[in-house]
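Novice: Keeping their order, the protein sequence lines are chains A and X. First residue of the first sequence: 1, per this note's numbering; consecutive thereafter. First residue of the second sequence: 114, per this note's numbering; consecutive thereafter.
If you are wondering where the hints come from, they were derived from the structure by calculation, not from laboratory data. Check each hint, because a few of them may be wrong.
To be verified - With a straight-line Cα cutoff of 16 Å, these simulated EDC-like cross-link-like pairs (lysine to aspartate or glutamate) come out:
{"id": "1", "chain 1": "A", "residue 1": "Lys44", "chain 2": "X", "residue 2": "Asp196"}
{"id": "2", "chain 1": "A", "residue 1": "Lys62", "chain 2": "A", "residue 2": "Asp86"}
{"id": "3", "chain 1": "X", "residue 1": "Lys183", "chain 2": "X", "residue 2": "Glu118"}
{"id": "4", "chain 1": "A", "residue 1": "Lys44", "chain 2": "X", "residue 2": "Glu116"}
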Amino acid sequence: EAGVAQSPRYKIIEKRQSVAFWCNPISGHATLYWYQQILGQGPKLLIQFQNNGVVDDSQLPKDRFSAERLKGVDSTLKIQPAKLEDSAVYLCASSLAVGNEQYFGPGTRLTVT
Amino acid sequence: QKEVEQDPGPLSVPEGAIVSLNCTYSNSAFQYFMWYRQYSRKGPELLMYTYSSGNKEDGRFTAQVDKSSKYISLFIRDSQPSDSATYLCAMSDYGGSQGNLIFGKGTKLSVKP
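Full structure from sequences and hints, please.
Specialist: Shown next, in the form of structure tokens:
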């Protein structure tokens with residue numbers, strides 16, 4: 001079974017630029033999550049999708065972050081404009097359904113200079 | 114007070130030692146308790162999953178939950194260099210938060226040969 005795929009693996013941008021991350025969940029997984037993991041911290045949920053609908057985006061900084069999950073499969077997370085404090089690893093995870101085990105991708109390491 | 118507290122370490126032990134990792138939490142609604150292992154530059158992977166109070170054993174790993182003290186532990190017996198990783202505790206009330214996981218900061222473990 002293929003795992004959660006993410007790209008790119010690394011990205012360096014300057015502040016005020018925009019960036020997008022892509023996630024392909026495990027086939028058949030209805031629930032998809034985006035987490036932000038700042039160095040030395042645990043992952044923090046940004047947004048949760050059930051199929052192509054948003055379940056929880058209460059911790060997403062909506063003035064600069066946006067996410068979509070078209071057709072209930074792949075998802076993209078965008079930051080525009082980026083700030084220095086957005087430097088982190090952005091992890092995508094998926095699960096069969098809410099409450100099931102979450103499988104994480106390798107993450108995208110973002111550095112904002 | 115943060116919802117989940119975890120000593121970030123680092124923790125260094127000799128090969129073969131028994132390792133004890135701990136987390137405390139403040140939200141009494143948490144019912145599901147997990148331990149994730151995260152190798153450097155990888156996503157977290159689920160190691161142990163416990164519902165409510167009690168113990169769960171899987172090979173060299175034992176997870177304990179004491180809900181009365183709001184305290185969870187992970188024990189690793191006969192530790193190996195391959196156990197060197199960051200260990201994250203995570204917990205959820207699932208029913209009330211759509212499956213959202215709240216993570217600790219993670220404890221970095223190094224097992225020396």
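Novice: Compare the structure with each hint and give your call.
Specialist: A quick look at each hint next to the structure:
Annotation: proposed proximity of Lys44(A) to Asp196(X) is violated, straight-line Cα distance about 24 Å (limit 16 Å). Between Lys62(A) and Asp86(A) the alpha-carbon distance is near 13 Å, which keeps this suggested pair within the 16 Å criterion. Proximity of Lys183(X) to Glu118(X) is assessed by CA-CA distance (about 11 Å); at most 16 Å being required, the pair is judged to hold. Distance check on the hinted pair: Lys44(A) and Glu116(X) sit about 12 Å apart at the alpha-carbon level, within 16 Å; holds.
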